[in-house]
Amino acid sequence: MIQYIIRRLIQAVFVVLGVITVVFFVLRLTGDPIQLLLGATSSEADIQNLRHNLKLDRPLWEQYVTFVGNAAHGDFGKSIRFRGFDAMGLVLDRYPRTIQLAVCALLLSVTLSIIFGVIAAVKRYSVFDNAVTFFALFGQSVPNFWLGIMLILIFAVRFGVLPSQGYGHSPRFFILPTITLASPGLALLTRLVRSGMLDVMDQDYVRTARAKGLRDRIVIFRHGLKNAAIPLVTVIGLNFGNLLAGAVITEQIFQWTGVGQLAVDSIGAHDYPVVQAAVFLIAVTFVLINLLVDILYTWLDPRVRLS
Amino acid sequence: MSQEGVLTGTRVVVREGPQQRSARKRALRMLRRGRLGLAGVVIFLVVVFAAIAAPLIAPADPNEQDLRARLTCPIGTSCARFGANPPQTITGSSKHLLGTDNLGRDIYSRILYGAKISLIVGVTAVALGGGIGTALGLLSGYFGGALDVVISRIADVQLAFPFLLLAILISIVSGPGLKNVIIILSIGAWVPFARVVRGSTLAAKEHEYVIAARTIGARPPAILFRHILPNVITPVIVIATFAIAGTIIAEAGLSFLGLGVGTDVPTWGNMLADGRAYVGTAWWLATFPGVAIMLTVLSINLIGDWLRDILDPRLRNTG
Numbered sequence: 001m002i003q004y005i006i007r008r009l010i011q012a013v014f015v016v017l018g019v020i021t022v023v024f025f026v027l028r029l030t031g032d033p034i035q036l037l038l039g040a041t042s043s044e045a046d047i048q049n050l051r052h053n054l055k056l057d058r059p060l061w062e063q064y065v066t067f068v069g070n071a072a073h074g075d076f077g078k079s080i081r082f083r084g085f086d087a088m089g090l091v092l093d094r095y096p097r098t099i100q101l102a103v104c105a106l107l108l109s110v111t112l113s114i115i116f117g118v119i120a121a122v123k124r125y126s127v128f129d130n131a132v133t134f135f136a137l138f139g140q141s142v143p144n145f146w147l148g149i150m151l152i153l154i155f156a157v158r159f160g161v162l163p164s165q166g167y168g169h170s171p172r173f174f175i176l177p178t179i180t181l182a183s184p185g186l187a188l189l190t191r192l193v194r195s196g197m198l199d200v201m202d203q204d205y206v207r208t209a210r211a212k213g214l215r216d217r218i219v220i221f222r223h224g225l226k227n228a229a230i231p232l233v234t235v236i237g238l239n240f241g242n243l244l245a246g247a248v249i250t251e252q253i254f255q256w257t258g259v260g261q262l263a264v265d266s267i268g269a270h271d272y273p274v275v276q277a278a279v280f281l282i283a284v285t286f287v288l289i290n291l292l293v294d295i296l297y298t299w300l301d302p303r304v305r306l307s
Numbered sequence: 001m002s003q004e005g006v007l008t009g010t011r012v013v014v015r016e017g018p019q020q021r022s023a024r025k026r027a028l029r030m031l032r033r034g035r036l037g038l039a040g041v042v043i044f045l046v047v048v049f050a051a052i053a054a055p056l057i058a059p060a061d062p063n064e065q066d067l068r069a070r071l072t073c074p075i076g077t078s079c080a081r082f083g084a085n086p087p088q089t090i091t092g093s094s095k096h097l098l099g100t101d102n103l104g105r106d107i108y109s110r111i112l113y114g115a116k117i118s119l120i121v122g123v124t125a126v127a128l129g130g131g132i133g134t135a136l137g138l139l140s141g142y143f144g145g146a147l148d149v150v151i152s153r154i155a156d157v158q159l160a161f162p163f164l165l166l167a168i169l170i171s172i173v174s175g176p177g178l179k180n181v182i183i184i185l186s187i188g189a190w191v192p193f194a195r196v197v198r199g200s201t202l203a204a205k206e207h208e209y210v211i212a213a214r215t216i217g218a219r220p221p222a223i224l225f226r227h228i229l230p231n232v233i234t235p236v237i238v239i240a241t242f243a244i245a246g247t248i249i250a251e252a253g254l255s256f257l258g259l260g261v262g263t264d265v266p267t268w269g270n271m272l273a274d275g276r277a278y279v280g281t282a283w284w285l286a287t288f289p290g291v292a293i294m295l296t297v298l299s300i301n302l303i304g305d306w307l308r309d310i311l312d313p314r315l316r317n318t319g
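Protein sequences, first through last, are from chains Z and U. Under the numbering used here, the first residue of the first sequence is numbered 1, with each subsequent residue one higher. Under the numbering used here, the first residue of the second sequence is numbered 1, with each subsequent residue one higher.
Keep in mind that the hints were calculated from the coordinates and are not lab data. Please read these numbers as outputs of a predicted model, since none were measured by experiment. Note that the Cβ used here is the ideal one computed from N, Cα and C, for glycine as well.
Facing chain Z, according to a computed beta carbon distance under 7 Å, are these residues of chain U, among others:
hint, residue
1, 156
2, 157
3, 172
4, 173
5, 253
6, 256
7, 279
8, 280
9, 286
10, 293
11, 294
12, 298
Not close to chain Z: a few residues of chain U, all C-beta gaps over 12 Å, as computed:
hint, residue
13, 42
14, 78
15, 226
16, 227
17, 229
Please construct the entire structure, taking both the sequences and the accompanying hints into account.
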């Protein structure tokens with residue numbers, strides 16, 4: 001087990017390295033930050049000076065090697081836009097907000113999908129089942145940025161009961177962004193829970209459990225759901241990556257000051273260090289969550305041997 | 001489905017045999033899916049018709065501005081006249097069925113023209129990405145070795161990276177434009193194709209027909225494309241359908257962030273971005289393009305579900 005985790009962690013390092021390498025080179029193609037920083041009227045000497053200070057006058061490969069070396073220490077340099085501020089520090093400041101939003105959305109989508117999916121599967125072909133299937137299909141087809149705008153339209157503009165944008169500690173600020181971010185995952189997970197439960201409830205061990213006279217609740221949750229949850233866990237892990245990515249647009253709609261919004265703004269301002277730090281943190285989070293998911297697997301299904 | 005009886009206080013469930021039940025279940029599903037699939041085809045054909053016939057059926061030029069008719073509400077509703085002092089209430093007219101936007105452009109016409117962009121981007125990007133992914137999957141599965149490792153690791157790295165961020169990065173490098181958006185979204189589309197085709201190819205290359213082809217001296221390209229490809233293509237068609245739906249949403253997302261085919265082109269995503277800015281004053285700006293995206297994507301998803309049921313029995317219980 002320990003060996004497996006160590007090997008996976010080494011693999012994860014390479015995946016993260018691949019991601020930041022791509023970002024490093026793609027960003028270098030986006031244009032010259034010096035021009036943007038100093039404007040068109042600056043003198044050649046100023047330009048050279050700043051370029052030298054930011055070490056942008058070195059050969060590309062040297063910049064890359066330095067960058068990877070520093071990144072290994074968590075040092076992504078100083079922000080170009082907010083001069084003097086540590087890039088990783090800026091990103092870490094915003095990180096909890098994005099994670100709060102993503103975790104809320106994850107909890108909402110997982111809880112509701114289990115409730116809806118299990119009831120739909122147990123009451124197969126009932127009105128509830130048909131309604132769930134219909135809404136799940138619908139939910140997968142609704143772009144969530146549109147859903148977000150519609151929620152603002154209804155709850156903020158029309159009824160004025162919830163704030164239309166901004167980050168705050170009050171739960172009121174969380175409601176609309178959480179629903180917006182959770183909706184695509186909710187639709188997908190509900191369909192998976194339903195079909196997983198339908199498969200499992202047909203199995204012999206479920207029939208045996210029923211034959212023993214166990215209560216429905218125990219059969220459904222202990223014998224049914226626990227087994228149906230196995231493929232679900234993988235999808236939830238992958239879905240968390242989508243939540244982090246989806247947060248970019250959701251944060252934009254709701255002016256939620258998280259990592260996604262910072263990353264998009266920083267790309268526009270050619271603030272390389274901040275973008276690199278943001279992408280690094282998102283990739284690390286994603287890779288670690290997937291590792292966690294694989295470990296969770298062994299608990300759910302002892303037949304799976306990690307190798 | 002099941003009969004319930006009471007026997008000494010214990011609930012006994014008498015069930016049909018699993019085979020009878022699954023046959024009946026499948027028949028019911030096929031019927032329901034068939035009907036929904038048909039509905040999907042009909043909606044999709046309407047969208048295709050709108051995309052092709054937009055210049056003929058649109059009541060106005062999608063970019064024609066009528067600044068006196070800014071933010072006119074849709075037919076059957078009423079709203080305040082934009083900029084009128086003292087305030088004045090106007091009602092929507094048949095001249096602008098779905099109202100006008102902040103520059104007085106006709107929303108109905110823009111939605112019709114927007115269909116073309118969405119479909120072109122969705123279909124072309126998936127054709128490109130799906131083609132590349134399928135080819136890489138074939139090569140990776142058939143030859144294995146270092147090639148397989150490289151392709152699989154690239155796929156891993158891409159999956160470890162929220163694609164939207166990458167798309168945003170590349171679109172800033174490449175600038176706006178139809179061609180660039182298609183290329184970006186095709187980069188996002190290849191991975192599932194490569195993975196599924198690689199898996200199927202691994203299995204297929206051990207089959208007798210492939211061994212036979214190799215024995216009579218067929219070269220790898222012939223084996224791959226003439227013998228293996230037709231046998232692994234079915235899931236590709238299903239994945240492609242869902243990928244088109246996903247790509248249409250992704251294109252709208254990029255446009256929404258101002259990184260799509262260009263802010264002056266009538267696309268559904270651009271219209272949504274305009275609508276976000278006027279969400280407090282003019283609800284119709286954001287509402288109708290979203291409905292258009294939703295119906296289009298829904299129709300394609302319905303077709304995808306249906307195709308999966310017909311073409312790929314192994315995937316039958318996945319949705």
